[in-house]
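Visitor: Listed here are the chains, written in short residue letters.
2 protein chains.
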Amino acid sequence: MTKAELLRQIKAKRSFLCVGLDTDINKIPPHLLDDEDPIFSFNKAIIEATEDLCVAYKPNIAFYECYGVKGWQSLQKTWAAIPKSCLSIADAKRGDIGNTSDMYAKAFFDESVSGLGFDALTIAPYMGNDSVTPFLQQEGKWAIVLALTSNVGGLDFQNFTNRDGVQLFEYVLEKVSSWGSTENTMFVVGATRGEGFLNVRKYAPDHFLLVPGVGAQGGSLADVCRYGMNASCGLLVNSTRGIIYASNGRDFAERAREEAVKLQQEMEIELEKAAII
Amino acid sequence: MTKAELLRQIKAKRSFLCVGLDTDINKIPPHLLDDEDPIFSFNKAIIEATEDLCVAYKPNIAFYECYGVKGWQSLQKTWAAIPKSCLSIADAKRGDIGNTSDMYAKAFFDESVSGLGFDALTIAPYMGNDSVTPFLQQEGKWAIVLALTSNVGGLDFQNFTNRDGVQLFEYVLEKVSSWGSTENTMFVVGATRGEGFLNVRKYAPDHFLLVPGVGAQGGSLADVCRYGMNASCGLLVNSTRGIIYASNGRDFAERAREEAVKLQQEMEIELEKAAII
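Line order of the protein sequences matches chains A and B. Sequential numbering from 1 applies to the first sequence in the UniProt record's numbering. Sequential numbering from 1 applies to the second sequence in the UniProt record's numbering.
Honestly, the hints are just simulated from the structure, not real lab data. Among these hints, one or two may not hold up.
Stated by the list, open to error - 25 Å max Cα-Cα, derived SDA-like pairs, lysine to any residue: (1) K44(A) - V69(B); (2) K175(B) - R14(A); (3) K175(A) - V166(B); (4) K70(A) - D102(B); (5) K70(A) - Q73(B); (6) K70(B) - P30(B); (7) K273(B) - E51(B); (8) K175(A) - Q167(B); (9) K175(A) - Y227(A); (10) K27(B) - G115(A); (11) K262(B) - Q217(B); (12) K70(A) - E36(B); (13) K273(B) - N199(B); (14) K70(A) - S41(B); (15) K70(A) - Y245(A); (16) K44(A) - A216(A); (17) K202(B) - K273(B); (18) K202(A) - I276(B); (19) K44(B) - V113(A); (20) K11(A) - Y227(A); (21) K77(A) - K70(B); (22) K70(A) - E111(B); (23) K175(B) - D164(A); (24) K77(A) - V69(B); (25) K70(B) - G117(A).
Since we're looking at a predicted model, the values are computed, not measured.
So that you can see chain A by itself, here it is in the shape it has in the complex (with noise of 0.2 Å):
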């Protein structure tokens, strides 16, 4: 999906919601058990109750790597059933050496060879150069690059400051930003971080930035957009278990539609804020 159609995608549906698929079988209504597939249903149900009101999904790799063989049939139909007018991420933290991305690119991106055909990739960036740009050479494709992370550790090393007063997260938007474009490149930016944004922005100002964090890990989308969004939007902001998991009943899709249309309701506030609806 190229920049373009996002941002049309984000007008239509008045929303930049991302709704993450980090299907923990331990948390999925009980009636779901008994199904050939319990993770694939689960999925399949929250994509159709939320399609309408999102313009991404985001699978985590590791909830379904965790099941091995059998997670990794239940990711292929979850990516089949991401339609194809919203941006399917595969969140998976991958970077290795050049020839090793390659592989990662092949693993994500190229239906023909892995069977999954994701339009983004998540990337950790400490492995520079070769480790990112394999994930630019297709159009319509992104690489998604952690910048600055929401979760406690994330301000281990990624504050970690030279002695011009420049730190990690920012040294790594200012090279990344150098190796692809505004077309085919993202950077991971917790909600959590608030005023961290503006930071980013000096660096990246046109960039779209995944968001995790709002909801269950405390990030106001209220601050997100002040200080995040840009004149092309340039957010998706992913709610998981807010949505998800709002119902362990038979009544979790609803439920999951509830919560995603509150944030798609407060999205579209913000989208009219900025006059880009």
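Based on these hints, arrange chain B on the given structure of chain A.
Guide: Just chain B now, with coordinates in the frame of chain A:
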């Protein structure tokens, strides 16, 4: 596998060789392509030809993941074929927030959940403490954390330097060392970094280091030992392409063995020089 067991294996085999199983279907001997699972056939033959000469095997997960479900099946069989007397390392370079890293720990360490029970997993440190500590919870399991990698892009971020002259990889060594112990943490240090090992050993004198980059990538075993060996050996030196692709013919396993023998013999001399055997 505990550190004491690993050192026992090193002394018994007079080797600290790790064989990389980055098995590319486009590089294996053509006569294997008619097998039901050519990648596994290749790996099994390589393992049987080298298991008395090395102390570890390291499949790089990208080379399996790129074939989706089928690749995961090959990986499972490959892991099961690694003898228990060798350290089995999943070279996956994972790293995510705490609850997700828990899932990755299940994926690679917990056979009852995923079908895989590797001894060790490589980890990218960018996301900090909660991305590493979930892998330090079980005796005999190891987190092998990226410090100073062998690839061309390795220095894009790893030598980002703070106002006290400390480089990022040194700070990673210092911080991560404080989270675990020499019984559950190793570091990745590329063989191409030569005297960089002196800096590494300032921060991690007693840890085992996993050292890729000897052979195809140009690193020297003699240099690695000169600057990196400690009283408990402290090195696992990986070779992949030089061993597994020594021949593309029906003699591939014998030729792989010959290359492994050469490295084992060099390693035996180094272990004797250091009075470890």
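Visitor: All hints, please: hold or fail.
Guide: Hints, one by one, checked against the model:
1. K44(A) - V69(B): holds (20 Å)
2. K175(B) - R14(A): Outside the cut-off at roughly 44 Å; violated.
3. K175(A) - V166(B): At roughly 20 Å apart (the allowed maximum being 25 Å), V166(B) and K175(A) satisfy the hint.
4. K70(A) - D102(B): Given pair K70(A), D102(B) holds - Cα atoms ~18 Å apart, limit 25 Å.
5. K70(A) - Q73(B): Holds, at roughly 10 Å.
6. K70(B) - P30(B): This hinted pair holds, its Cα atoms lying about 19 Å apart.
7. K273(B) - E51(B): holds (24 Å)
8. K175(A) - Q167(B): holds (17 Å)
9. K175(A) - Y227(A): holds (22 Å)
10. K27(B) - G115(A): holds (21 Å)
11. K262(B) - Q217(B): Roughly 17 Å separates the two Cα atoms, so the pair holds.
12. K70(A) - E36(B): holds (20 Å)
13. K273(B) - N199(B): With a Cα-Cα distance of about 22 Å, the restraint between K273(B) and N199(B) holds, given a limit of 25 Å.
14. K70(A) - S41(B): holds (22 Å)
15. K70(A) - Y245(A): Cα-Cα ~22 Å, so holds.
16. K44(A) - A216(A): Holds - the C-alpha atoms of A216(A) and K44(A) are around 22 Å apart, at most 25 Å.
17. K202(B) - K273(B): holds (22 Å)
18. K202(A) - I276(B): violated (54 Å)
19. K44(B) - V113(A): Roughly 23 Å between the alpha carbons, so the hint for K44(B) and V113(A) holds.
20. K11(A) - Y227(A): holds (20 Å)
21. K77(A) - K70(B): holds (15 Å)
22. K70(A) - E111(B): holds (13 Å)
23. K175(B) - D164(A): holds (22 Å)
24. K77(A) - V69(B): This hinted pair holds, its Cα atoms lying about 11 Å apart.
25. K70(B) - G117(A): Given that 25 Å is the threshold and the Cα spacing comes to 16 Å, the pair holds.
Of the numbered hints given earlier, the model fails hints 2, 18; all others are met.
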